[in-house]
Amino acid sequence: MIVVALIVLGVGTYACKAFGPLLAAGRELPPTAQRLTDLLPAALLAALVATQTLATETSLTLDARVVGVAAAAVAVWLRAPFAIVVLVGAGVTALTRALGWG
Amino acid sequence: MWSFPRTREASKPEPVLARAIPVGVAVGAYGLSYGVLAVAAGMSPLLATLSSLIVLAGGSQFAFVGVLAAGGNPLMGAASGLLLNLRLLPFGLSIARHLPPAPLPRRAVDGYLVVDESVALALSDPDDGVVRRFRVTGVTVVIAWIGATAIGAYGGQFLGDLRTWGLDAAFPAGFLALVAPWLRTRSGRVAAAVGVFLAVVLTPITPPGVPILAAGLGAVIALRVRTENP
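Order-wise, the sequence lines are chains L and E.
For the record, in the first sequence the residue sitting at position 8 is 8 according to my numbering, with numbers rising by one throughout.
For the record, in the second sequence the residue sitting at position 217 is 217 according to my numbering, with numbers rising by one throughout.
Keep in mind that the hints are not guaranteed to be accurate.
[What the hints assert, rightly or not] Restraint ranges, calculated between C-beta atoms of paired labels, are given here:
id, chain 1, residue 1, chain 2, residue 2, range
1, E, Arg97, L, Pro81, 45 to 53 Å
2, E, Ile21, L, Arg79, 14 to 22 Å
3, E, Ser124, L, Ser59, 18 to 26 Å
4, L, Ala24, E, Asp127, 34 to 42 Å
5, E, Leu159, L, Pro31, 41 to 49 Å
In short, the hints are calculated from the structure, not lab data.
The beta-carbon is built from N, C-alpha and C at its ideal position, and this holds for glycine as well.
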């Protein structure tokens, strides 16, 4: 099942990526579709931040991840490079756990 | 460092690789944690590595693995990933404007190289060297992402409990960095806020994967926000 799902994801993703270069050089999406595809990542990525910080399977919990992601938010606010943000998030979470919480 | 023989790029002395390599390093760091977490979520190291080869879109792969790790249906994970990747459609269209006429296999490869980083760097200067920046960055991302996934997938077992290293927080921290540019626009903030609200409310009452799919409604609602007011 994982393999089937990965193939679905891979084929669908390639269709999105390659549609322009393969079939539609010089064309554009209609403005509303363009705005929707632009805004979808904002909604989904923010939802992923929330669930992966707060969810443990299907329950909501507060643990060390909250501290790590808050620290990562400060790093984002300071415009730190991507890799640093990830390292801060993981590092502060690990540190919080080492200190005995979450 | 080394220098390139320059002819028509003489007026722009910045070598493409000097910009592509830092991108590759960041992608590599993220790919490493993807490999580790994909295996922790139940994929074999080989399958984790192959997944990076066939999908080559980091955010959607993390979303997929996030659903797997929560015990959700893999097809639900694929659906969340696909919604995320719809953005690559307009990306591919905007780069296609700059590509020279080429035979089908060449265009098929260019299609594969459409990722956030390659398009963003290529279009950073729309008047000069777009195609070269697109292809060099794209190939850099391919090598870094797949290679780092393999290292994480095959080497992750030596790390022990991933929570000790805080790797479960690497996902949301990375997503936070990715969503940041949208939070500077009003419609982006509305999409994000509604998405977070729906995901959090639905998490305890729906199967894993559904909250993320439903969060996509945030984008539909944000369409109603006027773009003129950032």
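Each hint tested on the structure:
The hint said 45 to 53 Å for the Cβ distance between Arg97 (chain E) and Pro81 (chain L), and at roughly 29 Å that hint is violated. Range check, Ile21 (chain E) to Arg79 (chain L): about 20 Å between beta-carbon atoms, so the 14 to 22 Å window is met. The supplied range of 18 to 26 Å is broken by Ser124 (chain E) and Ser59 (chain L), whose beta-carbon atoms lie about 43 Å from each other. About 22 Å separates the C-beta atoms of Ala24 (chain L) and Asp127 (chain E), a value inconsistent with the hinted range of 34 to 42 Å.
At roughly 47 Å, the beta carbons of Leu159 (chain E) and Pro31 (chain L) sit within the given window of 41 to 49 Å.
Hints 1, 3 and 4, counting from the list given before, are not met by this structure.
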